[in-house]
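Trainee: Here's the letter readout for the chains.
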Amino acid sequence: AQSVSQHNHHVILSEAASLELGCNYSYGGTVNLFWYVQYPGQHLQLLLKYFSGDPLVKGIKGFEAEFIKSKFSFNLRKPSVQWSDTAEYFCAVGSGRFGAGTRLTVKP
Amino acid sequence: DAGVIQSPRHEVTEMGQEVTLRCKPISGHDYLFWYRQTMMRGLELLIYFNNNVPIDDSGMPEDRFSAKMPNASFSTLKIQPSEPRDSAVYFCASSLGGVKYNEQFFGPGTRLTVL
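So the sequence lines, in the order shown, correspond to chains A and B. Under our numbering, the first residue of the first sequence carries the number 1, and numbering increases by one thereafter. Under our numbering, the first residue of the second sequence carries the number 1, and numbering increases by one thereafter.
Because the hints were derived from the structure by calculation, they are not lab data. Where a beta carbon is used, it is the ideal one built from N, C-alpha and C, also for glycine. Among the clues, some could well be false.
Below are the BS3-like pairs computed for lysine-lysine, each with C-alpha atoms no more than 27 angstroms apart in a straight line [stated by the list, open to error]:
#1 A:Lys107 with A:Lys71
#2 A:Lys71 with A:Lys58
#3 B:Lys100 with B:Lys24
#4 B:Lys100 with A:Lys49
#5 A:Lys107 with A:Lys69
#6 A:Lys61 with B:Lys78
#7 B:Lys68 with B:Lys78
#8 B:Lys24 with B:Lys68
#9 A:Lys71 with A:Lys61
#10 A:Lys49 with B:Lys24
#11 A:Lys71 with B:Lys100
#12 A:Lys58 with A:Lys69
#13 B:Lys78 with B:Lys24
#14 A:Lys69 with B:Lys100
#15 B:Lys100 with A:Lys58
#16 A:Lys61 with A:Lys107
#17 B:Lys100 with B:Lys68
#18 A:Lys69 with A:Lys49
In silico negatives: residues of chain A with every beta carbon more than 12 angstroms from chain B [unchecked claim]:
#19 Glu20
#20 Glu66
#21 Ile68
#22 Thr105
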């Protein structure tokens with residue numbers, strides 16, 4: 001089955017810094033990719049998803065992700081993070097499998 | 001809609017005891033998923049159902065784990081006997097039409113501690 005890996009376990013940034021979280025998927029035909037976020041004490045919720053078309057996908061709260069087929073990557077980005085972005089971020093593939101997650105801490 | 005409902009929210013039990021976790025998916029959703037979250041392994045897919053039928057249970061760690069979905073509005077994940085290494089947060093999620101294209105909606109999770 002298709003799998004996904006996230007190499008950054010914990011990222012610490014100051015407010016206004018730019019963010020990029022890595023996500024790589026294994027080859028497996030058609031690729032459908034998702035980013036989910038889990039804010040402290042809350043449920044996992046969808047940030048954005050990619051199925052086809054424009055490889056640059058925009059999601060909620062100013063997040064975006066770029067699908068790069070040649071690199072098997074789907075990295076999450078945000079130009080300027082806020083303290084409220086402190087959360088755990090999960091990349092997922094269309095088989096229901098998730099990466100290990102990246103904990104983001106934003107210092108005020 | 002109330003969202004995905006899980007119970008209990010916290011469970012503390014002793015090694016060897018039976019543990020039953022419960023999930024009520026969002027009404028109308030035809031897929032239900034069970035996940036386990038640990039620091040070491042992240043979010044692992046244990047099993048998923050489509051229209052109450054188990055489709056893929058390859059993630060179930062061993063025979064001590066079993067899951068059922070007797071109807072469209074209820075599922076259980078049972079661990080018997082429980083072991084300390086089963087301590088984790090267990091999430092239930094549901095979706096409409098599968099996860100290849102569709103969003104999963106997660107419950108709040110059950111934090112299980114096995115002493």
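Trainee: Run every hint past the structure and note whether it holds.
Mentor: These are the hints, each one checked on the structure:
| no. | hint | result |
| --- | --- | --- |
| 1 | A:Lys107 with A:Lys71 | violated (31 angstroms) |
| 2 | A:Lys71 with A:Lys58 | holds (20 angstroms) |
| 3 | B:Lys100 with B:Lys24 | holds (22 angstroms) |
| 4 | B:Lys100 with A:Lys49 | holds (10 angstroms) |
| 5 | A:Lys107 with A:Lys69 | violated (33 angstroms) |
| 6 | A:Lys61 with B:Lys78 | violated (38 angstroms) |
| 7 | B:Lys68 with B:Lys78 | holds (8 angstroms) |
| 8 | B:Lys24 with B:Lys68 | holds (12 angstroms) |
| 9 | A:Lys71 with A:Lys61 | holds (26 angstroms) |
| 10 | A:Lys49 with B:Lys24 | holds (25 angstroms) |
| 11 | A:Lys71 with B:Lys100 | holds (21 angstroms) |
| 12 | A:Lys58 with A:Lys69 | holds (17 angstroms) |
| 13 | B:Lys78 with B:Lys24 | holds (15 angstroms) |
| 14 | A:Lys69 with B:Lys100 | holds (18 angstroms) |
| 15 | B:Lys100 with A:Lys58 | holds (19 angstroms) |
| 16 | A:Lys61 with A:Lys107 | holds (18 angstroms) |
| 17 | B:Lys100 with B:Lys68 | holds (23 angstroms) |
| 18 | A:Lys69 with A:Lys49 | holds (15 angstroms) |
| 19 | Glu20 | holds (19 angstroms) |
| 20 | Glu66 | holds (19 angstroms) |
| 21 | Ile68 | holds (21 angstroms) |
| 22 | Thr105 | holds (16 angstroms) |
Checked against the numbered hints above, the structure breaks hints 1, 5, 6 and satisfies the rest.
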